[in-house]
Each structure stands twice: as C-alpha cells, then as structure tokens.
Amino acid sequence: MIDQRTFECLKKANVKLGLDTILCLAPITFLEARLADAVVYHPIRTLAELRVDSGAGTAPRMVIHDPIAAELADWSRGRVGDFRKIMGNLEMIATHAQIENPNILKPVRHKQAKGLSEVTVKNGQARLFVFQDPHDGKSLVATGTYIKRGNVGEKELKKQDQAILRAAERRDLWIQAAPIAGLTTWRVLRRGN
Amino acid sequence: MSNKIASLTQAELWGALQNQLESGTLGEPVAGEVPDLAADPDYLFEVLRTRLAEHLYRAMKAAGLNENKLARKLGVSRQAVNEVFQMKTNMTLKSLARFCAALNVEPIVGVQQRKQDVIDPVPIMDAVSSRPISIPLPAAASGGQVDWGLSGLPAGSTGLLDIVNCEKSRAAKGSRNGIRVAPPKAPVGRTMAA
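First to last, the sequence lines map onto chains A and B.
The first sequence begins at 71 in the numbering used here and counts up by one.
The second sequence begins at 2 in the numbering used here and counts up by one.
Think of the hints as simulated: they come from the structure by calculation, not from any bench.
Check before you lean on any hint, since a few could be wrong.
Only part of the chain A face toward chain B is listed, based on derived beta-carbon distances under 8 Å [what the hints assert, rightly or not]:
1) Gly88
2) Gly158
3) Asn159
4) Leu259
Don't be surprised by glycine CBs; every beta carbon is placed ideally from N, CA and C.
Next up, chain A with everything else stripped away, as it sits in the complex (with noise of 0.2 Å):
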C-alpha cells in the first residue's frame, strides 16, 4: 500500500502517470518482520512497478505490478520445497555481510549481466536472479526469476539466457532511473514530456 507520503512526494515530483515508469523496491514482508533484529540486515526487496489501470468502468486506480512476488507467491503453492529453499538462503543472505557457498548465492555467468548474482536451489529448480542496489549500497534486489529445467539442451540454455538478459534488463531500469526527492525505494524513468 502506498501512504499519503509517498503520494504526495510522488505528486511533487511531478510524475507523468501512466507515461512515466515509476519503480519501487516492493519488501518481502515476513522477511522483514522475522528479521528487524537481526545484528545484520541487508534488505531483499523486489523491483515492482507502479502503474495506473484503467480498471472495469471504475475511476483510475494505481496499483503496483510485482512479478516477482507474484511468481514467489506461485512457488509457494506450486512448488513448496524451492520456495522453502529460496527463502531460506535469502534470510542467510540478508543477515550476512557475504557469502561464501556459491551453493546459497553465486555471480551469474554471462557477459551481459555482470553484477547479476543467482539465489541458488540445490535439488530443485527454482532460481532468482538479484543484484546489489548501488544507490544504497546495501540492499539486495531482486529483478528475476528462472525455472531451470533437468534437460540442458539449447533450447533450454536459450530460456536460460533471456531470462538473465530479462533481469538485466530490469536491473538497469533501475540504475537508470532518476531518484524522487524525499523517497528512498521509489524512482522514475521519464518517458513522457
């Protein structure tokens, strides 16, 4: 939920709804919770997206678009053990300066997404692709998700790749993107002047 604040910073900043891609670094929120005492904490977010739909004969409404969350919350009903690993190596992540078992958090290897690292699921499927916001220097964010499949053949590999290419992609949004006075996980790409 956005709260009046936020509103209103957005509305000072004088973004061009539904012509401006407006960002956010969405919380995983039992993440937060289960760790606002932890010694150390790096915040994993979620890169989402604000957007104003039209809706069905209703006035304009702004919601937030998450597809990571949205897959995260499909992996937790349809495929229980990845998701359970998944969020099991983010709470050590994030409660650790670094990490040295590539088998918990590893760089991803592609020349296009250097900086890119790959939350990892031994036994399973499931992987998320995250990466270090610069702004802050601190928090993880996750820009990507990938089932990756028993048979490595080139068809494969290909999905492999566009879906590293797809959070590099999203990653750089971010980097790109201009900050919004007063808000520190909100930013926006001016497209429409």
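Model the placement of chain B on the given structure of chain A, informed by the hints.
Structure of chain B alone, referenced to chain A:
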C-alpha cells in the same frame, strides 16, 4: 496506456487517485503476496540447513581445506561432504560433531523468541487494574527460533557443545540469559543476535 487514462488530464488522474488513497487501497498489489513461513517447521529446517552449510563452508575455507581434503580427514567420500554444502542431507548431530572436530571449531546451539511473539505477546487482563499486561511466551511454547553457529575451539576445550539459551524480548533488547559451558573464541560466522 488505455484510452480511458489517455483521455484524462494529469490533474484528473491525480484527483482520482486521491480518492483511492482515502479509501486505503492505493498501490494494492495485483498479484498474491509472499506468505509468512515463520511458523513452518519445514522452513525452519531449511534455514538451519542453510546456516549450517554456510558456517561449515566458511570453517573449511578458514582451515585452508577443500572438499577433498576435508573428506579425507573425515574418512568419507567427497560426495558426502559436498552434499552437506549443497544442503541435500539432513545432517545428524553426530555428523555435525565430526565435521566440527575435523575443522577444529565448536558448534553453538541456541534458541531465541520469535519476533512475532515479541511484537504481539499474548494479552492477559490484569484483574486488579483491568489493564492488559504482556507476558512474553517462553521459547518452547512459542516456537522460538533456533540458530546454529560455529566458533573456534577455545584452548583446552573439552569439545563440549556450547549451549546458549538466549530467550530475547524486544523490551529487554540486548540482554541475554544464557549458560555457556565453554565460552568460544571469536565466532567464525554470525552466531546469535545480541
């Protein structure tokens, strides 16, 4: 952008959204939210296994060993060691003790009250003042978190498990009520939240 939105001016759009803000639904997520797993024992198992894998991996690196050398020291196959780091096995306490002995580190076991129970303790009406008073639940009843860590073996240590009971309440943040059998040296990884 839909035609309907395109036909509205920015002022009209902001006006419509102001109404949504007042109704408390502004910025609702369109898809489901990530569920809370804090009370899921299978999740806590994954958390334990992940922590253990990371701490043992760090201890292995700190000891200047690799999986092959560690396997030789333990008298097991490299595959068996690798499965621990890959979080594929449900490691027994005996195996953990063997790893710790081989790596010259000491395990630390502890539990702490889960955050949720600290934020929202069970309210009990005080009969005298009729004011609700809060009594934090004991870790065993509330299902407190269990944390595992490893520390370097102190000189002359008997290798006993270092058992720390750190029931923590938010009100008394920083206080720790624990009994240490063998106080460890500087921890290898994060051990208990202070």
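Q. Can you list which hints this structure breaks, lowest number first?
A. Violated hint (a single one): 4; every other hint is consistent with the structure.
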